[in-house]
Amino acid sequence: MSDARPAGSLDLERFVRERRSRWTRLESLLDAVERLPDHELGATRLLELVRLYRQTCSDLNEARSGTANAALLARLNTLAGRGYRIVYRRSHGRRFTEEAREFFATGAPLAFRRERSYVLAAATAFVLGALLGLGAVIADPANAERLIPPQFHTESPRARVERIEASEERISSLEEAAEFSSFLFSHNIQVSFLAFSLGALTLIGGAWILFYNGVLLGAVAASYLIDGVPAFFMAWVGPHGALELPAIVFGGAAGLRLGSALLLPGPLATGTALRRALPSVWRMLLLTAVVLVAAGLVEGSFSQMTARTIPYPAKIAVAALLFAGLLGWLFARRGAPEAA
Amino acid sequence: MKAERSRVVLTPEHVLILLEPAGLGSRFVAFSVDLALVLGATVVVSQLASAIPGGAGAVVRALVLLILNWGYHVYFEVRHQGQSPGKRIVGIRVVDGRGLPLGLEQSFVRNVVRVIDALPIGYALGAIACHLDSRRRRLGDIAADTLVVRERRTLDLERRASRARAWNSLRTPRLVRLARHRVGLEERELLSALCLRADALDDAARVGLMEDVGRHYRERLGIDDPHLSGEGVVYGLAGALFPDRLGSPAAAGRGGRSPGPGSRR
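Chains as they are written, first to last, in my numbering: chain S, 64 to 403; chain P, 1238 to 1502.
Since the hints were made in silico from the structure, they are not lab data.
Keep in mind that a hint or two might mislead.
Claimed, not checked - Looking from chain S toward chain P, a few residues come up when the C-beta cut is under 10 Å (computed):
| # | residue |
| --- | --- |
| 1 | 245 |
| 2 | 288 |
| 3 | 291 |
| 4 | 365 |
| 5 | 369 |
Stated by the list, open to error - Some chain S residues well away from chain P (every beta-carbon gap over 10 Å; in silico):
| # | residue |
| --- | --- |
| 6 | 123 |
| 7 | 138 |
| 8 | 199 |
For each residue, glycine too, the CB sits at the ideal point set by N, CA and C.
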């Protein structure tokens, strides 16, 4: 009675005894491939891996139909899953330098041109906010106090200009500049990644952050304008703002792009929509971070110099140059990328 | 296996692979290990950078830490098949939602969205998302369509079977012969599954079930040891039926600890 094998059932002991050696072998091959990422297995072992994977797949099917043994099924399932990831993965990674060159030369600019409508949308939100802030403060200077958080308006813009321009250089040594720059770009990247994530998960949240930051900028700019010191503002915010403000918009745009895939996938499955968005999104994000590092370095050193060291027109010209270079690199029709 | 939470992938071989989501606990442990490693590296980098004179030190330090903080997980997820050192220790892995290895872009996005998951403090938002999501994804996983899966390496069965051998009070030649004769394959399968899953039951349910099953076999096999609980009968029977299950052939010989009535836990 015990030897008669009922239909659909499996002699588990024999099944495992006969096949476990191939499972163990597959496991060790997988360990080798996974642990040594750039390690080539060699053709023979690779073919062996594929063969063992296929056999394990069939073992899994057989086991599923023959037994409910949770531990065995879980092990085979894990093994087949790991094999599947190796056998059907995309081509293995390129060299890092090659990857980086591709990113700056074509990858990032192409991503930005492909997603320019999102960049435009993000920029619109930001500029609308800026115009609103500007308009509100010009219409009624008292609005500045309502719009700008209290810790920022300790003195009037004109008083601030006089104090700063009369005092010593704020950044007296290279160390200080480096310290300050490092703080700035670390912080700014944190903030813009937060804005990105908020945009990606909620769309509205990302647009709102862009808009709000625009309002703040506009309000501050207006209060300097009213006090009659717009050149100071341009010269002090311009050089790094030319990089930082686009970077904030880029991060926001990447968030909007991902958010639209996540929340408004249209006829596509969400996974498909996401996968279409991801290649440009991550490039836009990485570029945001790179530009923010550059902006931080400028802000920590160059932007902090007073008119006695570098006259305002020179600082403003540098700002314009940086801005044009950045946008030209990313959005100009492909000729020679000049600012890379 | 919590099949109802798993995502199913159909491979070209027409095999269904279940991606079983890892729970919050194992992810937390893995993350703690990784965090400790990152913090350790941070200290080392800071020390090294302070040796660089002038302004370069601060910038180098900030850049390296920036890359370390944002790149640590991305590097391991992309280059080491979804396993950072912490995840490797715990036995979990990040994979693409379709069962493939996750790409650089997915890893990048899921780790950037980490800033939201970490809000407002101690990954509270991520943990809540993890709890609510049917596949235990944090927000970053949702945004990048990734999944943290549990992997089972060792065959638990082997360990459990060797434990079953300890309850071997039923391994008398007469009873073993009787059991082999009367207990069919399907029943053995059920017995083995019962032993394997017993720990997942709460105590009352387990004891109740074991008593029922034990009573059944007591009658069928004529076991008249009054000191043996139902659980003792089931484990003893499993040990007698599967003496060398999955183990090395040598294990079969060493199996039996000399049985005494009521030699249970």
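Cross-check of the supplied hints:
Given hint, residue 245(S) at the interface with chain P, holds; its Cβ is 3 Å from that chain's nearest Cβ, closer than 10 Å. Hint on residue 288(S) is violated. Least Cβ distance to chain P is approximately 34 Å, over the 10 Å limit. Given the 10 Å rule on beta carbons, the hint for residue 291(S) is violated: about 36 Å separates it from the nearest Cβ of chain P. Residue-level restraint check for residue 365(S) is violated (minimum Cβ-Cβ distance to chain P is 14 Å; threshold 10 Å).
Taking 10 Å as the C-beta cut-off, the interface hint given for residue 369(S) is violated, the closest approach to chain P being about 19 Å. Its closest Cβ contact with chain P, about 6 Å, brings residue 123(S) to no more than 10 Å, contrary to its assignment away from the interface. For residue 138(S), the shortest C-beta to C-beta distance to chain P comes to about 5 Å, within the 10 Å cut-off, and the non-interface label is violated. Every CB of chain P is more than 10 Å from the CB of residue 199(S) (nearest about 30 Å), matching its label as outside the interface.
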